[in-house]
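Colleague: Protein chains in written order, with the working numbering: chain G, 145 to 331; chain D, 222 to 786.
It is possible that some hints are incorrect.
To be verified - Here are some, though not all, of the chain D residues that point toward chain G, as calculated from beta-carbon distances under 10 Å: (1) Leu343; (2) His348; (3) Asn530.
Said to hold, decoys possible - The calculated DMTMM-like cross-link candidates involving lysine to aspartate or glutamate, where the alpha carbons are at most 20 Å apart (straight line), are: (4) Lys162(G) x Asp503(D); (5) Lys511(D) x Glu548(D); (6) Lys518(D) x Glu491(D); (7) Lys216(G) x Asp503(D); (8) Lys734(D) x Asp717(D); (9) Lys531(D) x Glu254(G).
Stated by the list, open to error - Some chain G residues flagged as far from chain D (calculated, every beta-carbon gap over 10 Å): (10) Val159; (11) Arg168; (12) Val270.
Don't read these hints as lab results, they were simulated from the structure. C-beta: ideal position from N, C-alpha, C; glycine also.
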Amino acid sequence: MAEPVSKNHIVSALVENKPGVLNRVASLFRRRNFNINSLTVGRTHRPHISRMTITVDATRQDARRIQANLYKLINVIRVEVVSNEPHVSRDLALIKVRSDDADSRNQLTELCERFPARIVDIGPKVAIVEITAQEDLVQAFINAVEPIGIVEMVRTGVVAMGRGVRILDTDYEPAVPQPSGSIQHVY
Amino acid sequence: MILTGAEIMLECLLREGVDIMFGYPGGAILPFYDAMSKYPQIKHVLVRHEQGACHMADGYARATGKVGVAVATSGPGATNLVTGIATAMMDSSPIVCITGQVPRSVIGSDAFQETDVTGITLPITKHNYLVSDISELAYVMREAFYIARSGRPGPVLIDVPKDVQNQKTEFVYPEGPIRLPGYVPPSSGVENDIQAAVELINQAERPIILAGAGIGKSGASEALRALAEKAQIPVALTLLGKGGMSENHPLTLGMMGMHGEAAVNYAIQEADLLIALGMRFDDRVTGNLKTYAPKAKKIHVDIDPSEINKNVRVNVGIAGDVKTVIEQLLPGVKENSHPAWLNTIRDWQEDSDERDIINRDTGGRLLAAQVIHDLWQITGGNAITATDVGQHQMLEAQYYPHLRPQTLITSGGLGTMGFGLPAAIGAKFGRPNEEVWAIAGDGGFQMTMCELATAAQEGLDINIAVVNNGFLGMVRQWQELFHESRYNSTPMFNPDFVRLAEAFGIPARRVTKREEVADAVNFARSIQGPALIEFVVEKEDMVYPMVPAGGDLHAMIRRPKPNEE
């Protein structure tokens with residue numbers, strides 16, 4: 145039997161917007177020895193539901209195990225290995241680059257024409273470029289910018305969505321009335 | 222009706238059918254304890270250490286199938302529960318732990334006796350809650366019991382800040398179905414999978430059923446027996462599966478795995494089909510996965526989908542309640558007999574009998590195996606036994622065949638020493654009309670022996686067997702086999718267990734000879750209230766057979782035959 149191939153999988157999960165959910169998911173990955181490459185979380189159009197996108201290096205078999213284990217968490221409502229089917233994925237990076245001479249500014253402008261990137265802030269010493277693209281293209285851009293001189297960088301991690309009419313959604317409304325005046329918990 | 226948070230908690234417990242709690246009071250849980258005087262229907266058992274409360278709730282749950290309840294205060298009270306919670310988690314035992322927490326206004330300030338117990342217990346609970354407002358309380362209580370007992374059962378912890386216990390609100394019990402969209406335990410198997418499994422069963426020539434804890438938990442004993450009898454399939458048991466099929470049934474083979482019967486392990490390695498029912502292919506069951514059951518196709522039925530294909534890759538995986546799934550399989554399974562296969566297994570069993578220490582003259586030495594064997598004979602195999610962990614535990618599994626499910630209460634997954642005595646106390650409260658024996662080694666017994674006081678205070682009619690070999694016996698066995706008999710930190714200085722018990726007002730006897738065993742056991746049985754027997758047994762005894770950790774299941778270290786010694 146051939147060794148199972150490990151590759152990057154994208155797992156999307158709809159979770160209840162409750163305190164501690166991020167902790168539960170992170171704890172699960174650590175406990176089961178799954179390696180997270182990136183994890184993002186944000187609200188959805190439904191007030192009580194957040195969506196997590198987790199990328200992991202895993203075999204197809206492991207990706208299924210991750211799915212089954214995520215389903216064991218009470219606050220996790222739906223899970224899909226998005227990367228098993230056609231999908232759109234995006235990563236966003238903000239990169240602060242040296243721009244203290246004409247040469248660096250020219251190089252930067254040129255790169256922003258070749259990549260889906262743009263300069264969002266520029267001053268006498270540094271500029272901030274933003275790129276939103278597939279993860280590998282973001283990485284290629286970072287490599288291209290590197291020689292100019294990166295001084296600071298932040299990435300959001302991958303978000304993804306299945307193509308077409310495959311929809312990851314829920315019509316869940318919580319049973320417990322939200323206590324009046326209490327603070328809505330964000331992660 | 223305007224009630225306090227504490228009163229709402231007790232109202233909810235009543236509605237869950239709770240009539241007993243095991244706990245220990247303290248500052249942050251005091252409002253809850255204060256409210257107890259208004260709810261005399263719920264008995265509270267004062268333990269001597271919160272770990273004991275958790276094990277008692279666990280023992281109660283395992284003996285009755287109902288949810289056990291443990292109560293502790295914040296900080297050290299809550300952290301003392303941790304071993305008990307992890308024990309319940311590993312063995313899928315339904316318990317609800319209620320802990321007090323410091324008031325909300327000081328959470329996060331490192332207040333006196335504050336600890337983040339929901340954080341600490343997150344990976345060892347099925348779910349847990351920090352109640353942030355009284356309006357959630359009734360919902361949380363209800364969800365907690367539902368989650369604990371349904372699907373694959375497990376421990377749920379509810380952390381309630383002291384000021385929430387004191388808050389007041391109009392109490393309306395939330396009726397109607399519980400809505401947990403992220404929690405849908407499977408019930409029946411998918412029809413295609415059922416058909417595929419039936420085909421494998423009907424084609425198999427050397428099938429074997431591996432029955433685990435799921436049989437007892439889902440009440441599948443009858444269905445299992447029907448399946449085994451219809452197709453004449455032998456049944457091997459996991460440690461926690463013991464009693465799932467009556468062990469005096471001719472098709473029941475006994476325990477599998479590291480200290481399983483040799484015949485059972487050989488059968489698994491030679492089988493052409495494993496039918497795994499409510500078990501999880503623990504490493505103590507499989508040994509080396511690469512050489513495990515190499516000739517067998519595999520069917521795996523478990524209520525937890527994440528167990529399927531976790532350790533062992535299977536041909537047919539069915540996520541569902543094991544009783545429901547067996548009943549789905551039954552109509553399609555053809556009557557069969559497998560005479561050659563059953564004969565092969567019988568030959569292996571005869572070889573095992575020949576090696577068995579119980580069939581030999583041991584020249585006056587008292588062996589732990591004999592103690593368990595005699596205890597089994599005298600109690601007719603009908604007692605509920607709660608064991609600790611180690612040699613005596615494995616010997617219990619080998620020499621105490623159980624006739625009914627939920628009568629062996631033992632920490633299988635976590636292997637928690639100190640479990641036996643408190644678990645026996647919980648079991649006796651749950652099944653007051655049953656004979657209950659705590660069986661512990663001298664090592665584990667000393668971890669939770671403070672609960673002797675609990676048993677004495679309650680006048681609880683349990684029997685306690687301390688099997689004393691003056692060693693941490695199983696660790697010593699590993700040292701002898703794998704570390705050239707360097708007995709580092711395994712010899713024990715022990716108290717005088719008889720005088721110790723008597724100090725608690727508990728009648729006790731010491732046994733040093735085989736011929737004294739029956740008398741002492743009957744003495745303990747005749748006492749109304751707790752009684753303790755210390756059995757002073759052979760110091761350097763071994764549990765055979767043994768599959769070394771990670772070794773091949775068929776490559777057991779076995780007791781030599783009498784003529785080979």
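Colleague: Hint His348(D) vs chain G: min CB-CB distance below 10 Å?
Modeller: Status holds, d = 5 Å.
Colleague: Once the shortest beta carbon distance from Leu343(D) to chain G is found, is it less than 10 Å?
Modeller: Holds, about 5 Å.
Colleague: Please settle this one: Val270(G) was flagged as non-interface, so is its CB more than 10 Å from every CB on chain D?
Modeller: The claim holds: Val270(G) sits with its nearest Cβ about 37 Å from chain D, beyond 10 Å.
Colleague: Decide if the proposed pair is consistent with the structure: Lys734(D) and Asp717(D), CA atoms, cutoff 20 Å inclusive.
Modeller: Given pair Lys734(D), Asp717(D) holds - Cα atoms ~17 Å apart, limit 20 Å.
Colleague: So if I understand the rule, the pair passes when the alpha-carbon distance is 20 Å or less; does Lys162(G) with Asp503(D) pass?
Modeller: violated, 33 Å
Colleague: With the threshold set at 20 Å, check whether the alpha-carbon distance from Lys216(G) to Asp503(D) stays at or below it.
Modeller: holds, 19 Å
Colleague: Going by Cβ atoms, does Val159(G) stay more than 10 Å from chain D at every point?
Modeller: violated, 8 Å
Colleague: Double-check Asn530(D) for me: the hint is only fine if its C-beta lies closer than 10 Å to a C-beta in chain G.
Modeller: holds, 7 Å
Colleague: Need the status of pair Lys531(D), Glu254(G): alpha-carbon distance at most 20 Å?
Modeller: Not OK: Lys531(D) and Glu254(G) at ~51 Å, beyond 20 Å, violated.
Colleague: Taking only the CA atoms, is the gap from Lys511(D) to Glu548(D) under or equal to 20 Å?
Modeller: violated, 32 Å
Colleague: For the pair we were handed, Lys518(D) and Glu491(D), check the Cα-Cα distance against 20 Å.
Modeller: holds, 11 Å
Colleague: Is the Cβ of Arg168(G) farther than 10 Å from every Cβ of chain D?
Modeller: Since the minimum Cβ distance to chain D is about 6 Å, Arg168(G) lies within 10 Å and the statement is violated.
The structure shown violates the earlier hints numbered 4, 5, 9, 10 and 11.
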